[in-house]
Amino acid sequence: SQQGEEDPQALSIQEGENATMNCSYKTSINNLQWYRQNSGRGLVHLILIRSNEREKHSGRLRVTLDTSKKSSSLLITASRAADTASYFCATVSINTGNQFYFGTGTSLTVIP
Amino acid sequence: ETGVTQSPTHLIKTRGQQVTLRCSSQSGHNTVSWYQQALGQGPQFIFQYYREEENGRGNFPPRFSGLQFPNYSSELNVNALELDDSALYLCASSLSASSYNEQFFGPGTRLTVL
Chain F
1 SQQGEEDPQA LSIQEGENAT MNCSYKTSIN NLQWYRQNSG RGLVHLILIR SNEREKHSGR
61 LRVTLDTSKK SSSLLITASR AADTASYFCA TVSINTGNQF YFGTGTSLTV IP
Chain Z
1001 ETGVTQSPTH LIKTRGQQVT LRCSSQSGHN TVSWYQQALG QGPQFIFQYY REEENGRGNF
1061 PPRFSGLQFP NYSSELNVNA LELDDSALYL CASSLSASSY NEQFFGPGTR LTVL
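These protein sequence lines are chains F and Z, in that order. All residue numbers for the first sequence refer to this note's numbering, where the first residue is 1 and numbers rise by one. All residue numbers for the second sequence refer to this note's numbering, where the first residue is 1001 and numbers rise by one.
Simulated crosslink set (SDA-like; lysine to any residue; CA at most 20 Å straight-line):
{"no.": "1", "chain 1": "F", "residue 1": "K56", "chain 2": "F", "residue 2": "D66"}
{"no.": "2", "chain 1": "F", "residue 1": "K26", "chain 2": "F", "residue 2": "I49"}
{"no.": "3", "chain 1": "F", "residue 1": "K26", "chain 2": "F", "residue 2": "D66"}
{"no.": "4", "chain 1": "F", "residue 1": "K26", "chain 2": "Z", "residue 2": "G1058"}
{"no.": "5", "chain 1": "F", "residue 1": "K56", "chain 2": "Z", "residue 2": "E1102"}
{"no.": "6", "chain 1": "Z", "residue 1": "K1013", "chain 2": "Z", "residue 2": "R1063"}
{"no.": "7", "chain 1": "F", "residue 1": "K26", "chain 2": "Z", "residue 2": "Q1044"}
{"no.": "8", "chain 1": "Z", "residue 1": "K1013", "chain 2": "Z", "residue 2": "D1084"}
{"no.": "9", "chain 1": "F", "residue 1": "K70", "chain 2": "Z", "residue 2": "Y1100"}
{"no.": "10", "chain 1": "F", "residue 1": "K26", "chain 2": "Z", "residue 2": "Q1041"}
{"no.": "11", "chain 1": "F", "residue 1": "K70", "chain 2": "F", "residue 2": "E5"}
{"no.": "12", "chain 1": "F", "residue 1": "K26", "chain 2": "F", "residue 2": "S73"}
{"no.": "13", "chain 1": "F", "residue 1": "K26", "chain 2": "Z", "residue 2": "N1059"}
{"no.": "14", "chain 1": "F", "residue 1": "K69", "chain 2": "F", "residue 2": "S28"}
{"no.": "15", "chain 1": "F", "residue 1": "K56", "chain 2": "F", "residue 2": "K70"}
{"no.": "16", "chain 1": "F", "residue 1": "K70", "chain 2": "F", "residue 2": "S51"}
{"no.": "17", "chain 1": "F", "residue 1": "K70", "chain 2": "F", "residue 2": "D7"}
{"no.": "18", "chain 1": "F", "residue 1": "K70", "chain 2": "F", "residue 2": "I49"}
{"no.": "19", "chain 1": "F", "residue 1": "K56", "chain 2": "F", "residue 2": "N31"}
{"no.": "20", "chain 1": "F", "residue 1": "K26", "chain 2": "F", "residue 2": "T96"}
{"no.": "21", "chain 1": "Z", "residue 1": "K1013", "chain 2": "Z", "residue 2": "R1110"}
{"no.": "22", "chain 1": "F", "residue 1": "K69", "chain 2": "F", "residue 2": "R50"}
{"no.": "23", "chain 1": "F", "residue 1": "K56", "chain 2": "Z", "residue 2": "Y1100"}
{"no.": "24", "chain 1": "F", "residue 1": "K56", "chain 2": "Z", "residue 2": "N1101"}
What the hints contain is simulated information worked out from the structure, not anything from laboratory work.
Please construct the entire structure, taking both the sequences and the accompanying hints into account.
Printed below as a string of structure tokens:
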């Protein structure tokens, strides 16, 4: 079974607005990564946050991690139509080392 | 473009047949992971190869097997295909087996089992 679960499943916003996606997971982790996937193609790595970090920024992306609540959020600021994609969180459990567990994803639509 | 290539792009097989999918990793990467992604779902970890050895396996039956070659390219073999094996198969390469390394994904192979 997949460890991460994203919320919401689908999100539709206007260009320029911010988009927030959440991820919950079940076990203790080494790190959590966010990936983006365009229309059934390969995934693209966006950002990695370590278990001892609480917040990380990369361009228009802001990721938070709350290990006590076993949750993470991805914020995309000033969204663009090109941000339309599915977004997945992937966790690496401290028990399984190198195995990535992906959630079910959030489908983001940015309306021009 | 990540530099990771997969072949073929699409494949149609019938139940019971066998299939081999191929992946060329990014230059300098010695680790390849394979994932199965059913429609509308997230990728599920099948297994990882590090320097030609299996280095972790997800919850998939033994009819899913793999190989990694000295040039670090990789194959995924699936025997006795079932209808539920229809999915997008993704490979991802990374600099090493450490989970702190970014994974670079290929575009995937779309497998349809009839």
